[in-house]
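Chain order of the listed sequences is A and B. The working numbering runs 4 ahead of the 1-based position in the first sequence. The working numbering runs 846 ahead of the 1-based position in the second sequence.
It is possible that part of the hints are untrue.
[Claimed, not checked] Derived SDA-like pairs: lysine to any residue, alpha-carbon spacing no greater than 25 Å straight-line: (1) B:927 - A:223; (2) A:40 - B:972; (3) A:40 - B:997; (4) B:1005 - A:244; (5) B:1034 - A:52; (6) B:1034 - A:242; (7) B:1005 - A:283; (8) A:40 - B:1046; (9) B:1005 - A:292; (10) B:912 - A:242.
[As the list claims (entries may be wrong)] Far from chain A, by Cβ distances over 12 Å, these chain B residues were calculated: (11) 898; (12) 911; (13) 918; (14) 920; (15) 943; (16) 945; (17) 952; (18) 966; (19) 975; (20) 977; (21) 1011; (22) 1018; (23) 1027.
[Said to hold, decoys possible] Covered, in the sense of this in silico footprint (three residues per stretch, anywhere, with C-beta under 8 Å from a C-beta of chain B), are these stretches of chain A: (24) 38-45; (25) 135-146.
For the record, the hints were derived by calculation from the structure and aren't laboratory data. Beta carbons are placed, not taken as given, at the ideal position from N, Cα and C, and that holds for glycine.
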Amino acid sequence: MRFPTRRLVVLAVVLAVAALVMPPAAERHADTSLVKVQTAQAVDHPRDVVWVLCLGSDARPGQRLTGTRADAIQLVGLNLKTGAGTMIGVPRDSYVDIRGHGRNKINASMFFGGPQLMADSVARMVGVRPDYVFTTGFLGFRGMVRAIGGVTVYSKFAFSDPVRPQGYHRGKNRLNPFQALIFGRVRHPLPRGDFDRSANQQELLRSILRRVRAHEQQPGFMERGVMASVNYMDTDLAPSELYRLAQAVTGIQPGKLKGCVVQGPTGYVGGASVVFASLGQARRLGNDARKDATLNHGC
Amino acid sequence: MRPLSRALPAAALVAAAALVGGCTDHSGPAARPSAAASSTAPSTASTPPAPESVPFKVVVTRVSGKLPDRSRPALEANVRKALSAYVDGAFLAGDYPRTDFRAAFGVFTPGAARDARRDQDLLTNRRLGPSTESVRATRRTAYLSVLAPYKVAAGVTAKVDLVFVVERGDRTAQRVRLAGRLLLTRDKSNGWSVFGYDLHRSQTPRSDS
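Here chain A stands alone, though its shape is the one from the complex (with noise of 0.2 Å):
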């Protein structure tokens, strides 16, 4: 490793304090030494990609999870072998075909069909089969952010909001669970609304991802938050295997995780606002990222 000549001027002068100042050496105790410290890390899964659907219903308390809309739509793909990942962000109003149903805004899937429907309508849109399903709501979402002690979401806009006295500003934000809830559902004040909207909701995907590997080394931290989805989410995973997963993501890195939002014209259908989203943008992230969760050409 090569240092800069500035450094090493710097490291001589605090040698050279060093010595003038430190007693002579045999009236030193030596309570310290440098010591050469290695490191190395590994999480095993049984798959080297994975593609995750995460689903935020709109399910009202005392209501089906999954029996109600999806509002948020992620396709999240996760290479665990080289620590990439990939968002792409469906708008919930995206007019598509859905399987035995006709065309109709693309969350009502979830109504029809539930989480496999769901995930039938992304994958025929997208081009990507995910290996799993996560749907959460919203009392799920916030408990899982308690879990893990809320989140910091760089915005790329400023709004106000009641849940929220001093708004949310440009940068960066610390949020406690509910108000990170507010940040991935309001769209009304952002420029482009929904599709900011869902930029915000892979902006905390990746806060999450942040706050979870600061603390994963925390006693306890990761069985807290496993424990949290567990309780608050929607997934045939076993437990065990719910776990492995969350271990292994922890190598994903929020700097290597890209996020995309599928474009397209807005408009109406029967009286209803809807997202003419561009298929073709769609399967090419599709086609970019299906192998190895990397988007290499961009959004």
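Keeping the supplied structure of chain A fixed, place chain B upon it in accordance with the hints.
Using the frame of chain A, we list chain B on its own:
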């Protein structure tokens, strides 16, 4: 596999190692050789009896979910069995001097074992093996954080702290410390397998030997 580049910067590790006293043996109860020493250190007719190691202390310290009190001793025993198999194969057991440590990872999942073989200079006594006469553990602790959603443990993080004294005949004995996390899940035979590790190792001459 997680890229090694994610490791903490070397300077910070060096400083941390100095701060936590990486060069001195802790002299607490766990560091004293015990009469109830491990039976893992082998003795053969051609070598003097191996020095005794301290017992492996494995304790459940945190539970997410619910784990009945009556289940804890069995869990601790089963995890101790898996961890001991690794520690014995990697450091304590076998006829020294030796160079083959590949069998140390029998309780690792196949993928983790593959990664561990790549990292075996750090995870085993391979580098010192050819000049080693005997190894004994002066500290062996594992504190367990347990995921138990349905009153049954589904996953465990073992925070381990292992200190070995490697005797090398006329050469200076070495103190090897291996600490960090071992990640475990149940295997098909209802035992425990290591599917991940996040360990750091330091080695210093043992000045009082």
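- Task: Could you tell me which of the numbered hints above are not met by this structure, giving the numbers in increasing order?
- Result: 3, 7, 9, 12, 18, 23 and 25
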